[in-house]
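Q: Build out the structure end to end from the sequences listed, making use of the hints.
Number of protein chains: 2
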Amino acid sequence: MNKTELKQFLSERLSFWQNLTEQQKNMLVDNATERTFTQYSLIHNSLDKCLGIILLKSGQLRIYISSEDGREVTLYRLYGGDICTLSASCVMDAVSFEVLVSAEEICQAVVLSALAYRQLMQENVYVKAYTYELTVQHFADVMWSVEQVLFMGADKRLAIFLNDEIAKTGSNVIQLSHEQIAKYMGTAREVVSRMLKYFATEGIVTLSRREITVVDKKKLRSLM
Amino acid sequence: MNKTELKQFLSERLSFWQNLTEQQKNMLVDNATERTFTQYSLIHNSLDKCLGIILLKSGQLRIYISSEDGREVTLYRLYGGDICTLSASCVMDAVSFEVLVSAEEICQAVVLSALAYRQLMQENVYVKAYTYELTVQHFADVMWSVEQVLFMGADKRLAIFLNDEIAKTGSNVIQLSHEQIAKYMGTAREVVSRMLKYFATEGIVTLSRREITVVDKKKLRSLM
Numbered sequence: 044m045n046k047t048e049l050k051q052f053l054s055e056r057l058s059f060w061q062n063l064t065e066q067q068k069n070m071l072v073d074n075a076t077e078r079t080f081t082q083y084s085l086i087h088n089s090l091d092k093c094l095g096i097i098l099l100k101s102g103q104l105r106i107y108i109s110s111e112d113g114r115e116v117t118l119y120r121l122y123g124g125d126i127c128t129l130s131a132s133c134v135m136d137a138v139s140f141e142v143l144v145s146a147e148e149i150c151q152a153v154v155l156s157a158l159a160y161r162q163l164m165q166e167n168v169y170v171k172a173y174t175y176e177l178t179v180q181h182f183a184d185v186m187w188s189v190e191q192v193l194f195m196g197a198d199k200r201l202a203i204f205l206n207d208e209i210a211k212t213g214s215n216v217i218q219l220s221h222e223q224i225a226k227y228m229g230t231a232r233e234v235v236s237r238m239l240k241y242f243a244t245e246g247i248v249t250l251s252r253r254e255i256t257v258v259d260k261k262k263l264r265s266l267m
Numbered sequence: 044m045n046k047t048e049l050k051q052f053l054s055e056r057l058s059f060w061q062n063l064t065e066q067q068k069n070m071l072v073d074n075a076t077e078r079t080f081t082q083y084s085l086i087h088n089s090l091d092k093c094l095g096i097i098l099l100k101s102g103q104l105r106i107y108i109s110s111e112d113g114r115e116v117t118l119y120r121l122y123g124g125d126i127c128t129l130s131a132s133c134v135m136d137a138v139s140f141e142v143l144v145s146a147e148e149i150c151q152a153v154v155l156s157a158l159a160y161r162q163l164m165q166e167n168v169y170v171k172a173y174t175y176e177l178t179v180q181h182f183a184d185v186m187w188s189v190e191q192v193l194f195m196g197a198d199k200r201l202a203i204f205l206n207d208e209i210a211k212t213g214s215n216v217i218q219l220s221h222e223q224i225a226k227y228m229g230t231a232r233e234v235v236s237r238m239l240k241y242f243a244t245e246g247i248v249t250l251s252r253r254e255i256t257v258v259d260k261k262k263l264r265s266l267m
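So the protein lines, in turn, are chains S and Z.
Quick note: the first sequence uses this note's numbering, first residue 44, plus one each step.
Quick note: the second sequence uses this note's numbering, first residue 44, plus one each step.
Hint data in this document are derived by calculation from the structure and do not stem from the laboratory.
Incorrect hints may have been included.
The list treats identical chains as one, so a pair stands whether inside a single copy or across any two.
[As the list claims (entries may be wrong)] Capping the alpha-carbon separation at 25 Å, the derived lysine to aspartate or glutamate pairs in DMTMM-like fashion look like this:
| id | residue 1 | residue 2 |
| --- | --- | --- |
| 1 | Lys-199 | Glu-141 |
| 2 | Lys-260 | Glu-141 |
| 3 | Lys-92 | Glu-190 |
| 4 | Lys-68 | Glu-55 |
| 5 | Lys-199 | Asp-136 |
| 6 | Lys-199 | Asp-184 |
| 7 | Lys-68 | Glu-190 |
| 8 | Lys-100 | Glu-48 |
| 9 | Lys-46 | Asp-125 |
| 10 | Lys-50 | Glu-77 |
| 11 | Lys-100 | Asp-73 |
| 12 | Lys-262 | Glu-245 |
| 13 | Lys-100 | Glu-55 |
A: Below, the structure is given as structure tokens:
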């Protein structure tokens, strides 16, 4: 995209655009870069450096936390059209915890630099209100994930996960390893394997190498 | 407090006060009420009705989530001088999850009605930015609690909890039942009892009826 196209793109995606001065608009355009993230790449680690605000055009981002021994819990996922604020956690003084962001699919995005965005948030209260509101919105997803992990039984959680996957892809076949599913669910691979075997004996799924096929959706949903 | 005192109180506690019109200031004063909450009372349940913004003068609030079978996880606590925004979750469209707020000690507070506050947030972007920023700040505490529950071993978590308690009260004696500690930690009573017995055999604490005395702080902290 050239500058004019980039400006057009930002004006359509950022609801505070009309509340910016002409100078602030140009500053934002000058600090926006087009980026492609390869699949499974770690694109933000709040300990490391601060990427900036990600305006996702296509693909899928996963926002998660990780323990010292490598256990992961997925907080939420973002898709084309979504905006990721936690990848710019350094610009929000109120965000003082560590999150990781990875690309789950190849992603096309426009990234607003953290430094420029921080300045804008300080200058313009509309930008500040917008950014914090969006962050709070995502926390509703975080709370949902946390409640799942904390409160639900593994059968219920796996049923919800499989159901979400087939709803998202439109196919009854899920091409994920038990390890990957365990990571997404924030549980152990053993738990997933055991539960999938149980689902297979119940006639809910059939299992083959790196493939899970849901054969009884009704029964699957009865577990949710 | 009379109206003048109430206005003075609000002007000192709300950083957006200077950005309100005279009319908005008066509206807020007219919709502020002094409240006393008795110890252990449930003061907000987002399913039920929406209390409003709580400006805590003294006492202690506990913000937590609860599972269908009654398991609780404490998200964070607020003390005198703090402001509770999640008790007005209905005024923030971005907050779509359920939280509970209870008074852990007798509390003195000023409550701003949800209806009036909602109007103010819509009218005044400074109020909106302030409220969402404060909410995001509290989420840093939420994430901390969640990571504790998800990732840490029970020994580490109990050590942190006991250390926090003695730091807060300034006494080595903790007058809480194992049941209460389990609720605060979001774990089972059995886990707490087992771990406390282990701490006792290690010479870290001594146990008596409804009392835990920390006798070796250094050893306790070595577990954290």
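Q: If you check each hint against the structure, which ones fail?
A: Violated: hints 2, 5, 7.
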